[in-house]
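Engineer: Protein chains in written order, with UniProt numbering: chain Y, 1 to 207; chain C, 1 to 207; chain D, 1 to 207; chain X, 1 to 207; chain U, 1 to 207; chain P, 1 to 207.
Treat the hints as calculated values from the structure; they're not laboratory data.
For clarity, every value in this text was computed on a predicted model and none was experimentally measured.
Accuracy of the hints is not assured; some may be wrong.
[Claimed, not checked] Here are some chain U residues pointing at chain P (derived, C-beta under 8 Å):
1) Gly57
2) Val92
3) Ile111
4) Cys116
5) Asn132
6) Pro181
7) Lys200
8) Gly204
No residue lacks a Cβ here, since even glycine has one placed at the ideal position from N, Cα and C.
These are the residues of each chain, in order.
There are 6 protein chains.
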Amino acid sequence: MFLPILFVLSFLFSSSNAADFCVGDLNGPQGPAGYSCKKEAVLTVNDFVYSGLASTGNTSNLIKAAVTPAFDAQFPGVNGLGISLARLDLAVGGVIPMHTHPGASELLVVIQGTICAGFISSANKVYFKSLNKGEIMVFPRGLLHFQINSGKTQALAFVSFSSPSPGLQILDFALFADDLPTDIIQETTFLDVAQIKKLKGVLGGTG
Amino acid sequence: MFLPILFVLSFLFSSSNAADFCVGDLNGPQGPAGYSCKKEAVLTVNDFVYSGLASTGNTSNLIKAAVTPAFDAQFPGVNGLGISLARLDLAVGGVIPMHTHPGASELLVVIQGTICAGFISSANKVYFKSLNKGEIMVFPRGLLHFQINSGKTQALAFVSFSSPSPGLQILDFALFADDLPTDIIQETTFLDVAQIKKLKGVLGGTG
Amino acid sequence: MFLPILFVLSFLFSSSNAADFCVGDLNGPQGPAGYSCKKEAVLTVNDFVYSGLASTGNTSNLIKAAVTPAFDAQFPGVNGLGISLARLDLAVGGVIPMHTHPGASELLVVIQGTICAGFISSANKVYFKSLNKGEIMVFPRGLLHFQINSGKTQALAFVSFSSPSPGLQILDFALFADDLPTDIIQETTFLDVAQIKKLKGVLGGTG
Amino acid sequence: MFLPILFVLSFLFSSSNAADFCVGDLNGPQGPAGYSCKKEAVLTVNDFVYSGLASTGNTSNLIKAAVTPAFDAQFPGVNGLGISLARLDLAVGGVIPMHTHPGASELLVVIQGTICAGFISSANKVYFKSLNKGEIMVFPRGLLHFQINSGKTQALAFVSFSSPSPGLQILDFALFADDLPTDIIQETTFLDVAQIKKLKGVLGGTG
Amino acid sequence: MFLPILFVLSFLFSSSNAADFCVGDLNGPQGPAGYSCKKEAVLTVNDFVYSGLASTGNTSNLIKAAVTPAFDAQFPGVNGLGISLARLDLAVGGVIPMHTHPGASELLVVIQGTICAGFISSANKVYFKSLNKGEIMVFPRGLLHFQINSGKTQALAFVSFSSPSPGLQILDFALFADDLPTDIIQETTFLDVAQIKKLKGVLGGTG
Amino acid sequence: MFLPILFVLSFLFSSSNAADFCVGDLNGPQGPAGYSCKKEAVLTVNDFVYSGLASTGNTSNLIKAAVTPAFDAQFPGVNGLGISLARLDLAVGGVIPMHTHPGASELLVVIQGTICAGFISSANKVYFKSLNKGEIMVFPRGLLHFQINSGKTQALAFVSFSSPSPGLQILDFALFADDLPTDIIQETTFLDVAQIKKLKGVLGGTG
């Protein structure tokens, strides 16, 4: 007896999956707004769930830290939804070096340990604080910021972003891990040539 | 000798704090894009840090759960930045009832315990799964969704939103905790009058 | 003599059709911002005109109502333009059941008859009123709302949306017309199991 | 017994009215995103309802037509919601002259009569058609368009816009009803001076 | 010794080029947000540089002016970045006729000569001024505006737009250089038929 | 005889100035979308014109360069319009040091001289080139970039931005011209303490 409702309304639901979400098809064309959408017919709950942040990142490296992203490239379920996440693991003495996200604001929540986090505004005003478990801090879009394990135990945090593809520009990698010529670095940063060459040596930069 | 640089460039930084952020002035006028901005001159790091999510929410209630928000109204530092956060505490048997956020997508990360989370799409397709520690799930903007402690221990999750003021419409509260007339509820939900009156009795609804 | 103008300016108009509009190609890839564009060269005025709302919807069903959409999936001319339309027909006693549009605000204009329309805010405040011919009402994005023929004649309304693909989540269909398990419904809505089973029976739900 | 829920959740609803809507306070400060918001506490359903479009516009004028807007300035309930409406009345022979809406796309639905409507794209391609009752046509953002009563009876249409403040620039008023100097009009439109002066005379232009 | 950093972080950079930019692939599908992106792997600096504005435009035409665009169709590097540019050359007596950009605001800077520039608001208020070298003027989105060489020498200006595809609707071309029927023009602009036919004759219009 | 048109349509133009533009009132409240609007009644053409970029900037400083902005704080006419401009003067040997604009993409046009400009992507790929008069280059939002006078004469460029308040974070000023502690700089940039102290000494940093 209710079938008429189903009949009348069901055509509303035929081809309109973009209204709700747009799980990214990493092999399809990509545009300024993100990846192409997979059809809803092929989706399962696993397209909206990601387990890649469940394990502790490997912090056996010089910065004693690991960043594990769940951006749209790793977790296509967030494509087009204006949000993404990453996991930060910081061993004792660990540091997430000075960096920016060109396309997103960031919100950090400390899950374990103590993290000294900070950012610098366009007005060259510095905002930093040591954060304990459960405390949160926001880093406005595009500004230089950093996180340091300021405690005596392993630290864990999750950071969410206001974009599915926030980007990540780590200052030292941008300057010293590519082929940006030493003289350009010197002229545009006022760093000494010896300092530049030392860091290029460590980070693999050429030029 | 460098002072000329400072002199030449410093005027850039005089009155442009809106470029970077807009910490909300909860007492100023509010517009469609959010609260008015506080002047950068009066800001400290504490405007960008919030400690209100550090404590376990009180789950001694019927749903055995608590939602603690850090939206712009609680944490004005996120005003205008396209992001916010909330803490979910679920005691054993706890439930965050069926609800929507009218203005934001949501990204959940399980910190402790096991949570069965799900949502329903416009196409009436149901997506739900039991999530363990470290797993994440995305709930697209505006869709009905829920979270249930599906384990045998207290559960904790953080949920981030793609807006500083995502809104929250809990289905049962919308229907049964206000003065929406019983006959309108009956006509628009097909629920039996007895069922409606029972829930209104519990939730305090009138009309 | 004016030909030089044509010559100089004409190249401006060669490949820039996306500047003005993007009539959807329903067979091309779809992204978060909508469907791919058809080339302007193949377009005619009929790509911008839709006749599918001209006929009265079939209201011979239990809700005595019909919703006929002109979203981008039906009317690709609105793709990317931030707007769409639907037609509501309500026979005497007809009801558009409680529902949300996850991605759009809605603006209703009564063309014929009398319609009692309302919505519920995140603050659980109820706004409803009986509207006569020519009166309009706005339903903010993502909130539960409904329309009831509150008169003694057939009613007609047009509703416009702030998105070409507003989505439509009808509460009863979301809960009772799919495979959402009864125990989850019970836990997350506090409805009685008998009530849930009754409505699942009518609406075809399983699980 | 349920009171603890109310207690735990109620603080969510205290000051967050901007999440759902922002009914415009026409006397408060106005920003790029619209008017300031009225507090939800003072709102009633009448803030979301507008009756100003219910009456036939006065078409006893030279264009035999009337445009009655329900933009945010007339209907503050749409402020910030990305949508607005207007009513078009066209007597026999009535014309809505060539115009643009600088900030919105438009979607027209014919309620009564026959309307010849059209627009011109950036590529100087003309799209126009005679529309009957129930037919709809979309006019992409910012493009010149027009509506003419092409039938033998009074015509009525509603037009919705993808912005609460779409703006309206009527070509003849822009050119001939202000103080734009005749020589500038002549140089920038190639119209003859006699033609310009004639229309300025009729429309009240000076300069 | 630093290699572990590279190892740990490098996977962040694998497939996320959309985070930063989306150089347009003019042969790929186009959506409402712009062209499809080229892969970063194939990009060189020349994708972000355009030389097409370096030469003086040919002003040997009736308007004694030339507009040379660097929109996304000509300069795909700006696709998705919210900005584009054009070069205006005006010989003595040159005029950029009355026009609109349906999708963007415009900012003009005079490089050489003197330019009288102006626009008309929706309120039919005229704003115009003679601008000298180095002066800038903004033309809000979608409004009719013009530029006239008001000096005694060749003039040059650059205009930037708030969109990679601002569109361009030149009033005379829209009315008189296509197949818009003369009677429709007459009815919607109040221009005399003789005037319309004269301009159609010059600009190549039919209909 | 035409007065009826004026009468019927004129009320459209009464209070809707926000539709077209929103000239910033620097003394009014500021929100996430920008400054409050001045009323159109008080505006003149000078609100849309700015002469502050007409003079050569003072390059008698260490970087032999000057940046002169026309952001909303200097030129309130661009408030809310999604665009702004700045003038770059570079004496021989002049350099605009490595910097980002957190909130905007940038489009540079060389007016005089030769400028070596470049940026670094999130993928640590370097894009730089020497640009001659009339050539343009785009710097995507939020990425580190620089400009160097690579010629033997004074250079001049105009840069437009995709926001009225793009922000400006100069790397050396962010690190060395404020009170960011030396040990935090060292830990987050890997620079040697001696290098940090040297640049702090020059730029006036403390801490």
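Engineer: Please go over all the hints and tell whether each is borne out by the structure.
Structural biologist: Hint check results:
Because the beta carbon of glycine 57 (chain U) sits about 11 Å from the nearest beta carbon in chain P, more than 8 Å, this interface hint is broken. The interface hint given for valine 92 (chain U) is broken, as the beta carbon of that residue sits about 21 Å from the closest beta carbon of chain P, more than 8 Å. Interface restraint check: isoleucine 111 (chain U) against chain P, minimum CB-CB distance 6 Å, threshold 8 Å, status holds. Interface hint at cysteine 116 (chain U): violated, since its Cβ lies 11 Å from the closest Cβ of chain P, which is beyond the 8 Å cut-off.
For asparagine 132 (chain U), the interface hint holds, the least distance from its beta-carbon to any beta-carbon of chain P being 7 Å, beneath 8 Å. Annotation: proline 181 (chain U) was flagged as interfacial toward chain P, and the flag is violated, the nearest CB pair being 23 Å apart, outside 8 Å. Checking lysine 200 (chain U) against chain P by beta carbon gives a least distance of about 26 Å; that is not within 8 Å, so the hint is violated. Because the beta carbon of glycine 204 (chain U) sits about 32 Å from the nearest beta carbon in chain P, more than 8 Å, this interface hint is broken.
Of the numbered hints given earlier, the model fails hints 1, 2, 4, 6, 7 and 8; all others are met.
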